[in-house]
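Peer 1: Got chain A sorted already, so can you dock chains B, C, D, E and F onto it with the hints?
6 protein chains.
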Amino acid sequence: MFRHTKHLQFEAKPEKPDALYAMKLQELIGGAWGEMTVTMQYLFQGWNCRIEGKYKDMIMDIATEEIGHVEMLATMVARLLEGAPDDVTAKAVKDPAVAAVVGGMNPQHAIVGGGGALPADSVGTPWNGKYIVASGNLMADFRANVAAEAQGRLQTARLYNMTDDPGVRAMLKFNLARDTVHQNQWLAAIEQLQEDGLEGPVAPSALFDEENQEHANTLWGLSDGEQAHEGRWASGPAPDGMHEFHYLENPAPLGGPASAPPPSGHLYATHDGDMGEGSAKGPDAAPNKTMGDKIKDTFS
Amino acid sequence: MFRHTKHLQFEAKPEKPDALYAMKLQELIGGAWGEMTVTMQYLFQGWNCRIEGKYKDMIMDIATEEIGHVEMLATMVARLLEGAPDDVTAKAVKDPAVAAVVGGMNPQHAIVGGGGALPADSVGTPWNGKYIVASGNLMADFRANVAAEAQGRLQTARLYNMTDDPGVRAMLKFNLARDTVHQNQWLAAIEQLQEDGLEGPVAPSALFDEENQEHANTLWGLSDGEQAHEGRWASGPAPDGMHEFHYLENPAPLGGPASAPPPSGHLYATHDGDMGEGSAKGPDAAPNKTMGDKIKDTFS
Amino acid sequence: MFRHTKHLQFEAKPEKPDALYAMKLQELIGGAWGEMTVTMQYLFQGWNCRIEGKYKDMIMDIATEEIGHVEMLATMVARLLEGAPDDVTAKAVKDPAVAAVVGGMNPQHAIVGGGGALPADSVGTPWNGKYIVASGNLMADFRANVAAEAQGRLQTARLYNMTDDPGVRAMLKFNLARDTVHQNQWLAAIEQLQEDGLEGPVAPSALFDEENQEHANTLWGLSDGEQAHEGRWASGPAPDGMHEFHYLENPAPLGGPASAPPPSGHLYATHDGDMGEGSAKGPDAAPNKTMGDKIKDTFS
Amino acid sequence: MFRHTKHLQFEAKPEKPDALYAMKLQELIGGAWGEMTVTMQYLFQGWNCRIEGKYKDMIMDIATEEIGHVEMLATMVARLLEGAPDDVTAKAVKDPAVAAVVGGMNPQHAIVGGGGALPADSVGTPWNGKYIVASGNLMADFRANVAAEAQGRLQTARLYNMTDDPGVRAMLKFNLARDTVHQNQWLAAIEQLQEDGLEGPVAPSALFDEENQEHANTLWGLSDGEQAHEGRWASGPAPDGMHEFHYLENPAPLGGPASAPPPSGHLYATHDGDMGEGSAKGPDAAPNKTMGDKIKDTFS
Amino acid sequence: MFRHTKHLQFEAKPEKPDALYAMKLQELIGGAWGEMTVTMQYLFQGWNCRIEGKYKDMIMDIATEEIGHVEMLATMVARLLEGAPDDVTAKAVKDPAVAAVVGGMNPQHAIVGGGGALPADSVGTPWNGKYIVASGNLMADFRANVAAEAQGRLQTARLYNMTDDPGVRAMLKFNLARDTVHQNQWLAAIEQLQEDGLEGPVAPSALFDEENQEHANTLWGLSDGEQAHEGRWASGPAPDGMHEFHYLENPAPLGGPASAPPPSGHLYATHDGDMGEGSAKGPDAAPNKTMGDKIKDTFS
Amino acid sequence: MFRHTKHLQFEAKPEKPDALYAMKLQELIGGAWGEMTVTMQYLFQGWNCRIEGKYKDMIMDIATEEIGHVEMLATMVARLLEGAPDDVTAKAVKDPAVAAVVGGMNPQHAIVGGGGALPADSVGTPWNGKYIVASGNLMADFRANVAAEAQGRLQTARLYNMTDDPGVRAMLKFNLARDTVHQNQWLAAIEQLQEDGLEGPVAPSALFDEENQEHANTLWGLSDGEQAHEGRWASGPAPDGMHEFHYLENPAPLGGPASAPPPSGHLYATHDGDMGEGSAKGPDAAPNKTMGDKIKDTFS
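Chains as they are written, first to last, in UniProt numbering: chain A, 1 to 300; chain B, 1 to 300; chain C, 1 to 300; chain D, 1 to 300; chain E, 1 to 300; chain F, 1 to 300.
Hints should not be assumed to be uniformly reliable.
You can't tell identical chains apart in this list, so a pair holds if it fits in one copy or across any two.
As the list claims (entries may be wrong) - Here are the simulated EDC-like pairs of lysine to aspartate or glutamate, each with C-alpha atoms no more than 20 Å apart in a straight line:
no.	residue 1	residue 2
1	Lys16	Asp164
2	Lys91	Asp164
3	Lys91	Glu15
4	Lys94	Asp272
5	Lys16	Asp165
Derived by calculation from the structure, the hints in this document are not laboratory data.
Owing to the predicted nature of the structure, the values given are computational and were not obtained by experimental measurement.
Only chain A is shown next, with the shape it has when bound in the complex (with noise of 0.2 Å):
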């Protein structure tokens, strides 16, 4: 259960409305890497999680955290949309600064959100729960975590960049500073999880007895850069411990032809009428090849 203080996690007030930098914000609440997309994460991967203690506990705080993020930013987007264009066009454009925005700004801001923030992105697509991931495995969670701060400290450092308003600036910084410990976080957690003895760094870590291990180690080159072997991806211990890299120059494919099966006659699948050992035969197997004939007949 969840409780709520109407004070803001940090200060959201920005010095003067700025609506074309609120649409561009959008992408902070509701992008692919934005605060929705990691409080939804957190919290259904806090949800799921199998083990009680301090794992658990630590996804909880962090989740819970986010979703005074997402309020952070909603705020200072309603703020900077205070008396945005709204007019008519001509009569709201004075001069070329003004053209990008009325022209920039995010229609939706206006006429569907009334001025306030929307649970969209900056090119107004929607928010969807396929941004996210909570698979039960926590390496494989955690390397997500990872990524999902870095893409997001890194659009914030992009957006910060875009902007002067000193207000603004100063909660950027604050939601940097969250991104670069949140980051460290869950970098530690993958380090604790395999000092736990819970997860190696290859996830799931199940070794499965018959798995391809002579597959487990190459570097197939199948481009023609000419640098890829000089990587450590090329050669030398995998970072796992167990493996031991190698560039394979050239490879040969190791499977067959492919191929699709004769269909079944009910599909209507252009097939040549050889449907193959062990398919049904007959009219209503092939209904194509009885009636191409029929075709043949009538348009030849």
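Peer 2: Chains B, C, D, E and F only, in chain A's frame:
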């Protein structure tokens, strides 16, 4: 530019058809963490790579391999669908195991795909471009790639246990091995980026002078689980070697109350008429207030 | 800012697992009218609320409660999935009832969620941000909130009859009660808005002086059902107290013929060359016509 | 079955083209609350209506009218797009107002639609079937219809202020009037349902004997705003005439701690090995634990 | 403007309910190639048609018919769902055939639709506006219409074999016939466009003087299948009567190496610091390089 | 299996950057009719092809080429984005042309893609798997392929006129030529299928003996446009050589009234209590009726 050989990278021959399993296997083709995702993610990363040489060449090698993985899985699905029930339900269902197949198989495998694979996941949701990221920052992207390979290997491992078909298992073992090596390779690439002095562990590695360093260390205790402070993420040095973790118990918010500014009159947002300092007043700015009085008269 | 206690608002303990029911219950988590929807809808409405005081405080109370409802349902789904079939189909299926479960359960519950809930509905469609509205106009939004609670309660009632598990039913009875009180509260809030003179029953309450009042009263009879004029909506005073309903039998259209203007030549729209008054003429503006002649020559 | 006349229900003639406004107007065609939504919502409600007579006939009348509204708006958009800039940017842009148009117009209006309307909203998101509901319960559906008309009228009012074109305004005034009468008609239909004894105000009206009545009255105070208890929703009789509101200050959770059950070994969820009573044990059930030990050996 | 008669274009009476078949039949309502698609595609094409007269009139005739097809299918689905299992699974399942139905039916048919049709396909994916095209170029659009009718007829034929209900089959035979005639009509319209000299077979028919004619004839042999050159597409005259096909065996790429330009410093893309000619240099432009050095110091 | 050369199929070098045009060009990458669509459509068709030999080999040749087209366009977009405005708006905007760019460019090109292409269209909607079809029936699929090439060429032609950059135009001329030859090749393949007796012009070519032939000839006149009967589609022989067109003026519906059957009581659909013959009666089956009486008492 690409070239194609009709030989598969690895064999994809099931011993017998299994339409229900074909539906499940779609997760590895068109799921959020399936092969279409890694194909497109690595291709766009390669095309957007700003350093010529070993990084780009390696990305393109792996990207090109992944197209062939979609091909292997699509071929496998078509073969698993051979002779799938496409008839009247009552005719097809003889026993409970068939009932599970008839009820559970993806109807679009017959109706739409005509016995072939679909660019969709195991519940039929189509693959979409928001599943991938190619940010230009290799550290952030390689973090995402590790996550993708980890989730991919995890899902493959789960699917491995849902079949006992030796042909399917043989191919999945190959896939597991490739997911292992690719996970290792992205992890190695993360080390390489740091060895080459291109990025630090926290992306992006730029430090904002004004970044709120006091907020870059702390875990805010916002959930009442009692063990969150016991992990490596709550005390001691952070993985980036630049920060020292601290745990904040029962922290107070730093910001003022959340609130949205007074709305423009053209938005018809509900407001009590006190438009706040600096807002336009008068009938145009506050239609609801004026209207509110009129309504009060009408309804009282 | 938010805080979390690990205790659930209400108990979520099924007597026994039921993977098929878990799939259905997802509708209440990530369906268009599920708890993620009301959570996000009320949060964004609260953040976008332009009146400080009782309206905003009430919205935030209910919004915060709804996050806890998602938590209850996600916990319930994980418990219903305990021991769900994740094996070879033929091994798992013993009798028809198991067949229904094996065929019908959401494969992503195992493959993607690892036995946990997903941010998706009962057919696996992910939740998305277009399900919610926060317009800034409280009358319009409270109308949407009543609708959401009504559909939510209706779906909960339907799901109540699809299980006889006493633990599930106990939780659903709590949910039904909360949907009842919330429905009542949004209805009360609609009355309150009018009592406070903030909005009338028709949103937005602003009257456009030039609004076509003669078209604000009539039901156009455009379908040949003969009883449409018998309801309260076809005669007598309208609920807003300002209009009187009328039924128009067999009404004639008021506008001229629909037509699209002549296209720009750069669009290559098919056109017969008479570009209409005011359009640019010449080879650049009418490439198809020019081309049409050329084609005529070529093909005749 | 339907029939069509090429005459529009109301005139749709702009005085002059305005490509930027055409983009905004798309919200009324393909937005979540646009005319495609009410068209499809009412059609499916009519087709799914279980009572022959006045309800169904009225629904089909309005549904049929709404198809014609999409037609009016699509015609208007095509006319607003006449001569829209489809040229090299630098050639087209002469002054700031044109810059706003060239930068802000929907590029798909030229590239995809060839100067015609699209089934999408003002930011280009395509209309989709999740925007509508047709539940079979008329009270729940009419609540949704009132909400749709309210949001629709609100958005139309906002768009009305964004143009001063007399032709566009004339059509929007007609649309505003139709939204008013339809809002009134759904409100009247809600009253009618209760007069006819078919539904109560809370949908569905069935009382579950075992419904938790003590939880059907209370507003849980979970946010620290101090005025939530001052509204009609916190004390006094509820609108359904069956409940009495109460405000719960600082309420304690009623449930136990949230937790997820021990996972199946096949899911490779991270777990500490204590699988809990009733779970299968042994190497198959707990691969991670076994693997954890192996990893510990390997990495320590 | 549209009008409606409550009589269906053709009868839609199943002999008996079949909830599993109802789920499959949804493909014809809300699938990518279902009746909602052709309805909306033809309506938008008609509204966007730039030639008054026979083309536009024919498009509107067929578009209007298609609305009625959605109605027939929605009615059929509701009737197929009569008495569908909506109870506790174990109670409902008596034998394998019922198990297939209970496991396989769309749970939203009960939970969301209340026994009525949904605007979704056979796996529950909602219909969306990207399924349709109305480009203004009639040749391009009629090509899309033939494709839609062909896929639609194919899917109807597949569904025809999945039932033996005489009532369903009677309606599907009508639909098959309509798909046949509409396919023929769009093919005839393609001929008509050419006879009228409005378009050639290749859309758009405009020839770009500078078009690379040497690249408008060749099939690039990029896959090692050996028979691609045997078809009509590899030699001889092309259908447009203007080109002669050639097969290019093992063609060399015509362009230089793919590469992305040096990034702006504000983007924090990973780069090795050599920003290339014309790029800004200095600390602002290359934060990563500067940071890279700092990191190197820190971590080495 | 695939291989890659880093050389582009054709050169992709703009003379100068143009961020606004880069946004528009995304339509050809990730639009519904863009290169990702034809890539995936042809790949899945090739993998699902049931005839070995010339058809499959040709499909794979073209499919493999299309991957390289995505590569060319992605490279072009990255180069067009070089030095794109990523700064504070007021600093960047100097004149109207820049205002159009700053307001109009896709903000995700900077924030998400870091100066690289996105798998999305010109309004930022992500590419998705529903854009493609691979049905197994080659006639139906080749019809779809012609449509895709026609729409693709049309969109390329429109984009050609929106730039005067000689480098961009050179590449687009190559693309136009490839769209021409591919359109011709699919048209030739349609002829080939008929020559080979595999399919007739109407897909699927199977004739259902019981197909309603009297309904396979007629154009139903359902719109009042007066010229629909003047085209080739209304009289004379149909293109399949098997039918003769007729025009039906003012046709009467063939079916009875549309209606939905009485609902199950568990669905809480609104109903007047007469459940119809064969339906279960009693309190469980008709909760609303029972409740209706109770409500009537309460509210009257």
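Peer 1: Look at each hint and say if it fits the structure.
Peer 2: Hint by hint, here is what the structure shows:
1. Lys16 to Asp164: Answer is within: at 10 Å inside a copy they meet the 20 Å cutoff, but 28 Å across does not.
2. Lys91 to Asp164: between (27 Å within a copy, 10 Å between copies)
3. Lys91 to Glu15: Between copies only: 17 Å across chains, 25 Å inside a chain, cut-off 20 Å.
4. Lys94 to Asp272: Classified as neither: same-chain Cα gap 69 Å, cross-chain 31 Å, threshold 20 Å.
5. Lys16 to Asp165: within (7 Å within a copy, 31 Å between copies)
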